[in-house]
Amino acid sequence: MTVLRRIGLALFAPVLAVVVALVISSAVMAALQVNPLQVFEVMLDFGDTPAQQVTAIVVIVNRAIPLFLAGLAVAVAFRMGLFNIGVEGQYRLATIVAAAVGAAVALPGPLHILLIVVVAVVVAALWAGIVAVLKVTRGVSEVISSIMLNFIALGLASYLLTGPFRGSAEGASIISTAEIPESGQLGGLNAIFGAIGLANPPRQLYGFLPIAIVVGIFIAVLLNRTRFGYDLRVSGLSPSAASASGVDARGMVVKTMLLSGAVAGLIGLPDLLGSTHSYTTDFTAGLGFLGIAVALLGRNRPVGIAFAALLFGFLDRSLVPLQIADFPASVVTIIQGTIVLAVVVANEIARRVTLRSAERGSAQVAPPVAGDGGSGATQTPAGPAGPAGDTDQRQGVQA
Amino acid sequence: MSTVVSSPGTRPSRGPITDLLTGGGPVRRALWLAIAALVLFSLVRAISGEEALTSSSTMAAALLLAVPIGLAALGGLFSERAGVVNIGLEGMMILGTWGAGYAGYQWGWAAALIGGVLFGALGGLLHAVATVTFGVDHVVSGVAINILAAGVARFLSELLYTDNPAGGGVTQSPALSSGPPELSIPVLSSGPDLLGDLERQHWFLISDVAGVLRGFTSGVGVLTILAVLLVPASYLLLWRTAFGLRLRSCGENPAAADSLGVAVYRMKYIAVIISGALAGMGGVFLVFIAGIYRENQTNGRGFIGLAALIFGNWRPGGLAAGAGLFGFADALQLRSRTAVVALLLLVAVLLAGVAIWQAVRRHLVQAILAGGFAALSLTCYLLIDELPPGIVSFTPHLTTLLVLSLASQRLRMPQADGLVYRRGEH
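Chains as they are written, first to last, in numbering that gives the first Met the number 0: chain A, 0 to 398; chain B, 0 to 425.
It is possible that part of the hints are untrue.
[As the list claims (entries may be wrong)] Residues of chain B placed beyond 10 Å of chain A at every Cβ, according to the derived structure:
{"no.": "1", "residue": "29"}
{"no.": "2", "residue": "33"}
{"no.": "3", "residue": "40"}
{"no.": "4", "residue": "45"}
{"no.": "5", "residue": "109"}
{"no.": "6", "residue": "124"}
{"no.": "7", "residue": "200"}
{"no.": "8", "residue": "208"}
{"no.": "9", "residue": "230"}
{"no.": "10", "residue": "232"}
{"no.": "11", "residue": "265"}
{"no.": "12", "residue": "353"}
{"no.": "13", "residue": "382"}
{"no.": "14", "residue": "414"}
{"no.": "15", "residue": "423"}
[What the hints assert, rightly or not] Computed footprint of chain B on chain A, listed as stretches where at least three residues anywhere in the stretch have a Cβ under 8 Å from a Cβ of chain B:
{"no.": "16", "region": "139 to 153"}
{"no.": "17", "region": "326 to 332"}
Rather than coming from a laboratory, the hints here were simulated on the basis of the structure.
Each residue gets a CB set at the ideal place from its N, CA and C atoms; glycine is no exception.
Put together the whole structure using the sequences plus the hints.
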């Protein structure tokens with residue numbers, strides 16, 4: 000198989016998925032007498048002036064940062080075969096505690112921000128750790144315990160907000176924690192736009208972006224280039240093989256959940272440090288559940304998750320313009336759901352196409368071609384079973 | 000399955016009392032557990048003076064809250080017994096609520112039931128197409144269905160309800176044009192209301208039993224009765240018929256089932272569609288309670304149904320117990336915030352029992368741990384008068400979590416649950 004072909008196959012699935020999702024959602028809209036072309040036009044319309052266009056991009060990226068972190072948190076657990084539905088509760092609880100701590104102390108700039116980040120990470124990691132401890136010591140399924148802990152975390156957050164951490168006045172319409180002082184706020188990155196010659200938009204690009212990128216790289220390196228990451232992935236692929244080769248299964252569950260929770264703690268921080276500066280009753284919700292979708296869309300790979308987060312950010316941005324143009328904004332949610340479904344179906348089809356062409360390729364050129372090391376399918380003269388098994392395994396890692 | 004056929008004769012006798020308490024299979028054990036729980040609750044009610052613990056109104060509310068969760072869990076049972084993990088229960092329930100609202104405001108409650116079940120079944124069909132035909136990961140498909148269902152419900156409401164002369168809006172339907180009928184047992188629970196009289200006496204145990212019975216028999220909706228009957232019906236269908244055996248064989252070992260001539264794909268399709276229909280029925284029930292479809296009416300009950308299913312070890316009786324426990328705790332926190340504090344006393348008594356039991360078995364560490372927690376929860380009970388609303392709101396979830404972590408974990412899921420089966424690839 001040539002390199003070109005392999006790239007083609009890798010791109011084939013996502014492109015097919017997006018096309019299928021667009022076709023399906025268009026059909027749904029058309030069936031209900033909404034013109035899909037006009038809807039897509041509104042979604043793609045970023046505004047007329049350069050400032051408006053850059054603003055649209057800033058909105059997309061700002062939304063994509065928390066989604067990326069949420070996807071990353073879910074994906075870390077997924078790679079080990081753990082299903083962390085509890086990301087929602089983990090980040091909400093972490094954010095409110097971090098907001099309260101941040102508002103209560105006065106420290107010089109970077110230290111203040113560092114403290115808030117550390118508090119959020121620790122709280123979320125501990126909360127996720129409960130799931131791990133229950134699973135390891137009492138055998139409670141992580142799916143149930145994280146669902147229950149979600150509700151408990153949301154209840155606790157609402158108690159903390161209305162009780163001990165309340166910072167707003169008694170009769171205020173929106174209850175919030177006290178505002179984090181200037182030293183604990185993270186400035187925007189709008190200087191970049193000036194540097195690359197774009198218009199400076201009125202909205203600030205979150206300063207959390209570089210942190211999120213660093214976290215993404217860290218997770219990618221950790222998973223793919225370290226012993227810990229290898230153990231984690233092996234445990235996900237085959238628990239029995241992992242324990243046979245000396246991996247401590249229980250320890251891995253605890254470490255993975257702690258790591259997943261730690262990343263989850265960061266989800267609320269871009270909004271908290273960059274714009275709201277306090278936790279309110281209407282703080283961004285639902286990122287944990289969207290994170291599951293983003294992780295699946297990005298096939299649990301940091302790079303894939305980044306693209307998926309940007310795609311979801313793009314779709315979410317069009318909510319307001321759609322409402323202004325008097326279109327049903329829920330079209331966005333439908334497209335998101337369809338894309339996730341279409342992507343996995345397309346992945347499955349792509350897997351089968353690869354499998355079949357690998358089988359065919361090796362059958363045609365089986366014995367005489369010695370492996371040149373450059374291409375996947377011809378280098379194993381072991382017959383169809385070789386490359387097929389190989390592909391299977393790779394898909395397993397991705398699944 | 001071995002638990003069903005386990006007979007006392009196959010084990011050596013361990014004395015008459017042990018045999019009386021633990022022999023006779025799961026039915027007798029469940030009965031003993033129920034009696035023990037009732038005595039314990041009466042005791043705690045008598046000590047704390049919290050009548051809400053066993054009052055008929057709490058029990059009626061518990062039943063009302065348990066039914067949607069139980070229906071979702073039953074839906075999960077069918078699907079997972081056939082080997083398809085169904086995280087999409089929540090989404091199918093959402094579709095059910097929307098379908099019930101749409102059909103209900105136009106044609107009354109019977110149509111609402113059919114509409115909700117049909118919509119839920121559609122969600123199930125989508126899950127089946129994705130997981131069985133396309134071999135997509137079950138969790139992924141379920142998550143996608145949850146997102147999709149919320150979007151579809153909102154989208155349809157926006158289109159059909161915003162300018163509707165009958166009322167409704169972006170987040171809710173017009174009210175149902177008729178509600179389902181309710182039934183009470185004459186003399187005992189209505190009219191002379193003998194059980195009600197007995198309950199008001201506040202006698203130890205007797206009034207508690209009366210309260211529980213009255214709660215379950217007074218003003219019970221038709222759908223509730225249907226839902227309760229569905230539990231034994233599912234058991235009979237899945238464990239006592241050839242269809243059920245085939246369905247379960249798809250969840251245990253699909254390749255073997257296939258080799259014996261079971262149409263695995265078709266069975267899975269049927270199971271997942273039934274699953275969606277049952278989850279949709281759970282949604283219909285929620286619409287009946289409110290008399291209207293509202294967005295976010297399900298509020299995560301599909302997920303809790305999934306938890307009840309796992310809690311109940313993938314068996315109808317067990318999941319009903321799980322749903323009941325959750326419904327009771329939820330009813331208690333809704334009816335009386337002070338009664339929730341009395342639960343702490345209950346926990347203290349239970350943990351003290353565990354501590355003594357562990358001490359007798361010479362497991363000292365566990366005994367001390369349990370004793371310590373018992374003392375802690377007793378002090379909390381004595382010190383706290385009333386919990387703030389935020390804390391009380393998660394009583395049922397915390398209870399479920401506690402029971403799960405205290406109960407022994409001998410759960411066994413269907414062997415091929417969640418595995419994608421492709422004919423000829425195994």
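So, going through the hints one by one against the coordinates:
no. : hint       : verdict
1   : 29         : 21 Å, holds
2   : 33         : 23 Å, holds
3   : 40         : 22 Å, holds
4   : 45         : 30 Å, holds
5   : 109        : 26 Å, holds
6   : 124        : 13 Å, holds
7   : 200        : 36 Å, holds
8   : 208        : 30 Å, holds
9   : 230        : 20 Å, holds
10  : 232        : 26 Å, holds
11  : 265        : 20 Å, holds
12  : 353        : 13 Å, holds
13  : 382        : 17 Å, holds
14  : 414        : 14 Å, holds
15  : 423        : 12 Å, holds
16  : 139 to 153 : holds (count 12)
17  : 326 to 332 : holds (count 6)
Hint compliance for this structure: every hint is met.
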